[in-house]
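**Student:** Quick note, the sequences are listed as chains A and S, same order.
Note that the numbering used here has the first sequence beginning at 6, numbered continuously upward.
Note that the numbering used here has the second sequence beginning at 6, numbered continuously upward.
It is possible that part of the hints are untrue.
The calculated lysine-lysine pairs, modelled on BS3-like cross-linking and capped at a C-alpha distance of 27 angstroms, are [claimed, not checked]: (1) S/Lys463 x A/Lys518; (2) A/Lys463 x S/Lys542; (3) A/Lys258 x S/Lys259; (4) S/Lys98 x A/Lys258; (5) S/Lys123 x S/Lys97; (6) S/Lys543 x A/Lys308; (7) A/Lys466 x A/Lys308; (8) S/Lys259 x A/Lys168; (9) A/Lys518 x S/Lys543; (10) A/Lys595 x S/Lys596; (11) S/Lys120 x S/Lys98; (12) A/Lys203 x S/Lys258; (13) A/Lys308 x S/Lys519; (14) S/Lys512 x A/Lys463; (15) S/Lys206 x A/Lys308; (16) A/Lys206 x A/Lys183; (17) A/Lys466 x S/Lys543; (18) A/Lys518 x S/Lys308; (19) S/Lys582 x S/Lys519; (20) A/Lys227 x S/Lys258; (21) S/Lys270 x S/Lys120.
Have a look at the derived ranges for each label pair, beta carbon to beta carbon [stated by the list, open to error]: (22) A/Thr392 x S/Ala588: 55 to 61 angstroms; (23) A/Lys373 x S/Ala598: 46 to 52 angstroms; (24) A/Ile52 x S/Asp260: 32 to 38 angstroms; (25) A/Glu309 x S/Leu436: 32 to 38 angstroms.
Don't read these hints as lab results, they were simulated from the structure.
Idealized CB from N, CA, C, for every residue including glycine.
2 protein chains.
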Amino acid sequence: MNTSSTSSGVSNGTSPLEDKRHTLAHLLAAAVRERYPHAHPTIGPAIDNGFYYDFDFSDGERPGDGDLAALENAMRDILASWSEMSGVEVSKKDARDRFKENPFKLELIEEISGKGEKITLYTAGDFTDLCRGGHSENPAKEIAADAFTLDRIAGAYWRGDEKNPMLTRIYGLAFDTKAELDAYKEQCEEAKKRDHRKIGKELDLFTFSELVGSGLPLWTPKGALMRHELDRYVWELREKHGYQRVTIPHLTKKDLYETSGHWQKFADELFRITTREGKEYALKPMSCPHHTQIFDRQPHSYKEMPQRYAETTMVYRDEQSGELGGLTRVLSITQDDSHVFCRHNQVKDEFFKIWDIIDTFYATFGFKLRVRLSFHDPAAIDKYLGTPEIWKNAEDALRGIAKERAADHFEAPGEAAMYGPKLDFMATDSLGREHQVATIQLDMNLPERFDLTCINEKGEKERIVMIHCAVMGSLERFTAVMLEHTGGVLPVWLAPVQVRVLPISEKHTAYAKKVHAALAGQGLRVEVDNADESLGKKIRNAKNEKIPYVLVTGDKEMTEETISVESRDAGKQGTMKMGDFAARVGEEIKKRA
Amino acid sequence: MNTSSTSSGVSNGTSPLEDKRHTLAHLLAAAVRERYPHAHPTIGPAIDNGFYYDFDFSDGERPGDGDLAALENAMRDILASWSEMSGVEVSKKDARDRFKENPFKLELIEEISGKGEKITLYTAGDFTDLCRGGHSENPAKEIAADAFTLDRIAGAYWRGDEKNPMLTRIYGLAFDTKAELDAYKEQCEEAKKRDHRKIGKELDLFTFSELVGSGLPLWTPKGALMRHELDRYVWELREKHGYQRVTIPHLTKKDLYETSGHWQKFADELFRITTREGKEYALKPMSCPHHTQIFDRQPHSYKEMPQRYAETTMVYRDEQSGELGGLTRVLSITQDDSHVFCRHNQVKDEFFKIWDIIDTFYATFGFKLRVRLSFHDPAAIDKYLGTPEIWKNAEDALRGIAKERAADHFEAPGEAAMYGPKLDFMATDSLGREHQVATIQLDMNLPERFDLTCINEKGEKERIVMIHCAVMGSLERFTAVMLEHTGGVLPVWLAPVQVRVLPISEKHTAYAKKVHAALAGQGLRVEVDNADESLGKKIRNAKNEKIPYVLVTGDKEMTEETISVESRDAGKQGTMKMGDFAARVGEEIKKRA
Numbered sequence: 006m007n008t009s010s011t012s013s014g015v016s017n018g019t020s021p022l023e024d025k026r027h028t029l030a031h032l033l034a035a036a037v038r039e040r041y042p043h044a045h046p047t048i049g050p051a052i053d054n055g056f057y058y059d060f061d062f063s064d065g066e067r068p069g070d071g072d073l074a075a076l077e078n079a080m081r082d083i084l085a086s087w088s089e090m091s092g093v094e095v096s097k098k099d100a101r102d103r104f105k106e107n108p109f110k111l112e113l114i115e116e117i118s119g120k121g122e123k124i125t126l127y128t129a130g131d132f133t134d135l136c137r138g139g140h141s142e143n144p145a146k147e148i149a150a151d152a153f154t155l156d157r158i159a160g161a162y163w164r165g166d167e168k169n170p171m172l173t174r175i176y177g178l179a180f181d182t183k184a185e186l187d188a189y190k191e192q193c194e195e196a197k198k199r200d201h202r203k204i205g206k207e208l209d210l211f212t213f214s215e216l217v218g219s220g221l222p223l224w225t226p227k228g229a230l231m232r233h234e235l236d237r238y239v240w241e242l243r244e245k246h247g248y249q250r251v252t253i254p255h256l257t258k259k260d261l262y263e264t265s266g267h268w269q270k271f272a273d274e275l276f277r278i279t280t281r282e283g284k285e286y287a288l289k290p291m292s293c294p295h296h297t298q299i300f301d302r303q304p305h306s307y308k309e310m311p312q313r314y315a316e317t318t319m320v321y322r323d324e325q326s327g328e329l330g331g332l333t334r335v336l337s338i339t340q341d342d343s344h345v346f347c348r349h350n351q352v353k354d355e356f357f358k359i360w361d362i363i364d365t366f367y368a369t370f371g372f373k374l375r376v377r378l379s380f381h382d383p384a385a386i387d388k389y390l391g392t393p394e395i396w397k398n399a400e401d402a403l404r405g406i407a408k409e410r411a412a413d414h415f416e417a418p419g420e421a422a423m424y425g426p427k428l429d430f431m432a433t434d435s436l437g438r439e440h441q442v443a444t445i446q447l448d449m450n451l452p453e454r455f456d457l458t459c460i461n462e463k464g465e466k467e468r469i470v471m472i473h474c475a476v477m478g479s480l481e482r483f484t485a486v487m488l489e490h491t492g493g494v495l496p497v498w499l500a501p502v503q504v505r506v507l508p509i510s511e512k513h514t515a516y517a518k519k520v521h522a523a524l525a526g527q528g529l530r531v532e533v534d535n536a537d538e539s540l541g542k543k544i545r546n547a548k549n550e551k552i553p554y555v556l557v558t559g560d561k562e563m564t565e566e567t568i569s570v571e572s573r574d575a576g577k578q579g580t581m582k583m584g585d586f587a588a589r590v591g592e593e594i595k596k597r598a
Numbered sequence: 006m007n008t009s010s011t012s013s014g015v016s017n018g019t020s021p022l023e024d025k026r027h028t029l030a031h032l033l034a035a036a037v038r039e040r041y042p043h044a045h046p047t048i049g050p051a052i053d054n055g056f057y058y059d060f061d062f063s064d065g066e067r068p069g070d071g072d073l074a075a076l077e078n079a080m081r082d083i084l085a086s087w088s089e090m091s092g093v094e095v096s097k098k099d100a101r102d103r104f105k106e107n108p109f110k111l112e113l114i115e116e117i118s119g120k121g122e123k124i125t126l127y128t129a130g131d132f133t134d135l136c137r138g139g140h141s142e143n144p145a146k147e148i149a150a151d152a153f154t155l156d157r158i159a160g161a162y163w164r165g166d167e168k169n170p171m172l173t174r175i176y177g178l179a180f181d182t183k184a185e186l187d188a189y190k191e192q193c194e195e196a197k198k199r200d201h202r203k204i205g206k207e208l209d210l211f212t213f214s215e216l217v218g219s220g221l222p223l224w225t226p227k228g229a230l231m232r233h234e235l236d237r238y239v240w241e242l243r244e245k246h247g248y249q250r251v252t253i254p255h256l257t258k259k260d261l262y263e264t265s266g267h268w269q270k271f272a273d274e275l276f277r278i279t280t281r282e283g284k285e286y287a288l289k290p291m292s293c294p295h296h297t298q299i300f301d302r303q304p305h306s307y308k309e310m311p312q313r314y315a316e317t318t319m320v321y322r323d324e325q326s327g328e329l330g331g332l333t334r335v336l337s338i339t340q341d342d343s344h345v346f347c348r349h350n351q352v353k354d355e356f357f358k359i360w361d362i363i364d365t366f367y368a369t370f371g372f373k374l375r376v377r378l379s380f381h382d383p384a385a386i387d388k389y390l391g392t393p394e395i396w397k398n399a400e401d402a403l404r405g406i407a408k409e410r411a412a413d414h415f416e417a418p419g420e421a422a423m424y425g426p427k428l429d430f431m432a433t434d435s436l437g438r439e440h441q442v443a444t445i446q447l448d449m450n451l452p453e454r455f456d457l458t459c460i461n462e463k464g465e466k467e468r469i470v471m472i473h474c475a476v477m478g479s480l481e482r483f484t485a486v487m488l489e490h491t492g493g494v495l496p497v498w499l500a501p502v503q504v505r506v507l508p509i510s511e512k513h514t515a516y517a518k519k520v521h522a523a524l525a526g527q528g529l530r531v532e533v534d535n536a537d538e539s540l541g542k543k544i545r546n547a548k549n550e551k552i553p554y555v556l557v558t559g560d561k562e563m564t565e566e567t568i569s570v571e572s573r574d575a576g577k578q579g580t581m582k583m584g585d586f587a588a589r590v591g592e593e594i595k596k597r598a
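Only chain A is shown next, with the shape it has when bound in the complex (with noise of 0.2 angstroms):
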């Protein structure tokens, strides 16, 4: 299966809002050329939320960020006079003669002729660049001068290739009101604050080393603790529901992919390694063809028919570094895959006990989803497998039992996976951002390829189906979303550390160690801190590392023999005794509350 799309659907002209942030970028590079004359622009489209424009200061002195705000005031005495904006078609030479002394757009012109397009400018003002078209008619009324701002200067390689000069990104935001513009700046540092990354580190849940690279997060004891605990949690619904763990290695030879059609159609995204031998072996990149090995090493009967493999392991995909961050996109992704091979009949109730197990698990983060029914592009039936014939039924299929389900769903061409169409559920976290997570997808191709087939009741062989699915998608994109969402407040299921056992002195150690082996025999996780460092030094970190629960333990409890638990969630609880607070821990876990 296919969790990260990576396509970007096919835009069919483009809204006003989108017209005013390209405009915009006009406007930024207007106003560089003013203040630094030597700069070439080279590129500058509109992009989600604002804006940028890549610029060659190469000649000259370069902006940084503290000349922003002196820009942006440019760009609003500069928009004060932008009352009209047109397009002319031109010659390939007068384009030229136009750009002579810019490499960048020549390269451009070249481009665009070599492909036999036209070749228009567009001007607003004094300032006039090559453009394809799609701006605000009169910049100056349309664009409210306070719903933009410069955000900030990044480096960017000229057309993203790292072997081209390093050129300067001006990114800019733009909304259609100050109010969504100030709302949305609002959210950002919000998200900042939730920065998984930022919150990892606090928490000390994964790292990286600059030796091993980035993209390939290293799991801490914590971390690694938490993972278990998400990935538990999908095998006990997966079990439920007739599942099976396999387990197959992370490498094939490469016959596995030109079977599957991925060795053509996966190409650049493949790790591929040819061995001392020679032979050519690849990573895989998802499981789905190793897994159809294991159903097809005998043949099943219609009895022993849905067969539900489970397995979640890392697979490979060689992305390019500069898409590279944190959690969101990594080179090692953990998915939490598997594959139904059932009966065309048992397709429906197949999908229905994925969705539950689906729905039940983001129910538990308090996460809302929706449902993206993700169709292939009819406009480009050769970046699929099979005929467009298996692709209408399969998509039939899935828009019945949508509709049947009642979900709150939409149709979306151009998202399929490779080999069929998909249920992709879309979270809304509690910043109001929506994330795809989970997928189900329903193929009819790989059966196909691969011959699967079950006895059916005449003792013939049926051609089965096969539906894939990912409950947490990848488990990586999976926390860096949930730590967002929660802000790092972990349920106590979930925390590393659910108790943390605090000695008021030194004196009160051993009754520390008493409280922590007790808690621990009865299954939770506790520590002591019984650091060098203050009372109100260990509260805060235990705040800071966002603990459940905290056990400040001093005389009073010692000569009781109780413990004062203080709930991160609900505050001052109390002294109570240490087997009623493990109970009520215990209930809390296993609800999952």
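Dock chain S against the given chain A, drawing on the hints supplied.
**Tutor:** Relative to chain A, chain S alone:
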């Protein structure tokens, strides 16, 4: 850590039995030349349990398995006349003249003379061969004519290189006495019955796919469950001793292995990857370098030492494909690896803890253990990392620990890992064969190379040491050894299916399902066999699959709400209440009886 040692040590002189085997190789060549004058003998060494000789028969008839008896008899006839065997040094020219029709011997002669070594010919009876020596002086007297036999014919590439011509290899078995030969043949017969590949298929534990490739086992639901139980047992033992799980990817930039030394010293066995951006990565052949990066993510106070990391994960080594077979040599090796980061004065305690874990684990299966102190080869110090002093200190420490533990142990120079000496545990199985299984390794080199320290009582950085351990070694190899040791009769805690319910006829199916639900509710792994087959066939199937408990349910049981229990190991147990049965089996599982 390194569990699959490939070095064979350096042989100093040969034993009398080895000399006999080598002499028999000559004898085989003499017999072959007598019957197949067109044959070109190439190379024929003594090996474990006997000898072989590789021949080129491409100029004429080639013997088959049916010809072995005649060849064996011819060998006995010739042997009677071989009362002496002696060598003589010859010039390169003389040697070339003698073997002018044998291109293989000519190649060997070039090679020997190229190295500046002496060329010697050995003659017995009418047969002369190019040879380094090491034979019986009086073969007719020393070699018992009934203590050898020709075993089988196989193909083998000249010099083991698949680019070279394919030769015909004839294998022989040879011992000092007929009794020893017979005992060995009997052991082989038994071993054949217990071949783990055969048992793995009968119990449906793992499978191989031609598309995925050899050396890459695929674990079925039953096999994955068994692996999971094995790993859980090791984890239980480790958790009691303060181990924590960590998780790392299978990939790293080459930088990690340049620092660790693997890039240079482990070169051939590394699977290397070049990304689409041209960056160099490798698949991990072991987990230790990654684990150092987790330890090194932050400073550690002496109070936090030792840190004990455990992780069961697949590592990858580029083995030659000719060496791959079943589970004993695989490309994807699941190591149940742990690394203790500790101070020098903690080494002994940590070794003893690990040793306890290993003793407990292997005793559960009835293996007898002895310990090999695998030390470095002083004559080849450049094969290892670190100075002779570091090695002396580490080896002295291991010697002291083994002595204090009063363990059955012996020293083996040349068997160390690249970065430190090891305690290798050798398990004797139920057929009397010895297998290398667990290993504990003391490593003073990686801490130097990665500059690993803790902050000691004086607030200073203090160099630490690492202890590597794998309890099962590789899960694949342990599974192979354990399946052959038990003959597939898995203890009930490990059996993928613990109980099978067999309804006598269709009218008992509903009750059988009730029994199933009750026992599954008690946590037993239970199945109902409701195939359209006779009870006799179902009982035979259960026996073949070595199911620990079979419950036949008919009228009597249904009426009385009982079950009739037949134990695989203890025979018929009569009827009992379901609750009593579940409690009894539950107790067995808990004790890992």
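**Student:** Run every hint past the structure and note whether it holds.
**Tutor:** How the hints compare with the structure:
{"no.": "1", "hint": "S/Lys463 x A/Lys518", "result": "26 angstroms, holds"}
{"no.": "2", "hint": "A/Lys463 x S/Lys542", "result": "22 angstroms, holds"}
{"no.": "3", "hint": "A/Lys258 x S/Lys259", "result": "23 angstroms, holds"}
{"no.": "4", "hint": "S/Lys98 x A/Lys258", "result": "48 angstroms, violated"}
{"no.": "5", "hint": "S/Lys123 x S/Lys97", "result": "9 angstroms, holds"}
{"no.": "6", "hint": "S/Lys543 x A/Lys308", "result": "16 angstroms, holds"}
{"no.": "7", "hint": "A/Lys466 x A/Lys308", "result": "13 angstroms, holds"}
{"no.": "8", "hint": "S/Lys259 x A/Lys168", "result": "21 angstroms, holds"}
{"no.": "9", "hint": "A/Lys518 x S/Lys543", "result": "56 angstroms, violated"}
{"no.": "10", "hint": "A/Lys595 x S/Lys596", "result": "26 angstroms, holds"}
{"no.": "11", "hint": "S/Lys120 x S/Lys98", "result": "16 angstroms, holds"}
{"no.": "12", "hint": "A/Lys203 x S/Lys258", "result": "24 angstroms, holds"}
{"no.": "13", "hint": "A/Lys308 x S/Lys519", "result": "19 angstroms, holds"}
{"no.": "14", "hint": "S/Lys512 x A/Lys463", "result": "23 angstroms, holds"}
{"no.": "15", "hint": "S/Lys206 x A/Lys308", "result": "21 angstroms, holds"}
{"no.": "16", "hint": "A/Lys206 x A/Lys183", "result": "34 angstroms, violated"}
{"no.": "17", "hint": "A/Lys466 x S/Lys543", "result": "24 angstroms, holds"}
{"no.": "18", "hint": "A/Lys518 x S/Lys308", "result": "15 angstroms, holds"}
{"no.": "19", "hint": "S/Lys582 x S/Lys519", "result": "13 angstroms, holds"}
{"no.": "20", "hint": "A/Lys227 x S/Lys258", "result": "25 angstroms, holds"}
{"no.": "21", "hint": "S/Lys270 x S/Lys120", "result": "25 angstroms, holds"}
{"no.": "22", "hint": "A/Thr392 x S/Ala588: 55 to 61 angstroms", "result": "57 angstroms, holds"}
{"no.": "23", "hint": "A/Lys373 x S/Ala598: 46 to 52 angstroms", "result": "50 angstroms, holds"}
{"no.": "24", "hint": "A/Ile52 x S/Asp260: 32 to 38 angstroms", "result": "33 angstroms, holds"}
{"no.": "25", "hint": "A/Glu309 x S/Leu436: 32 to 38 angstroms", "result": "36 angstroms, holds"}
Going through the hint list in order, the structure does not satisfy hints 4, 9, 16.
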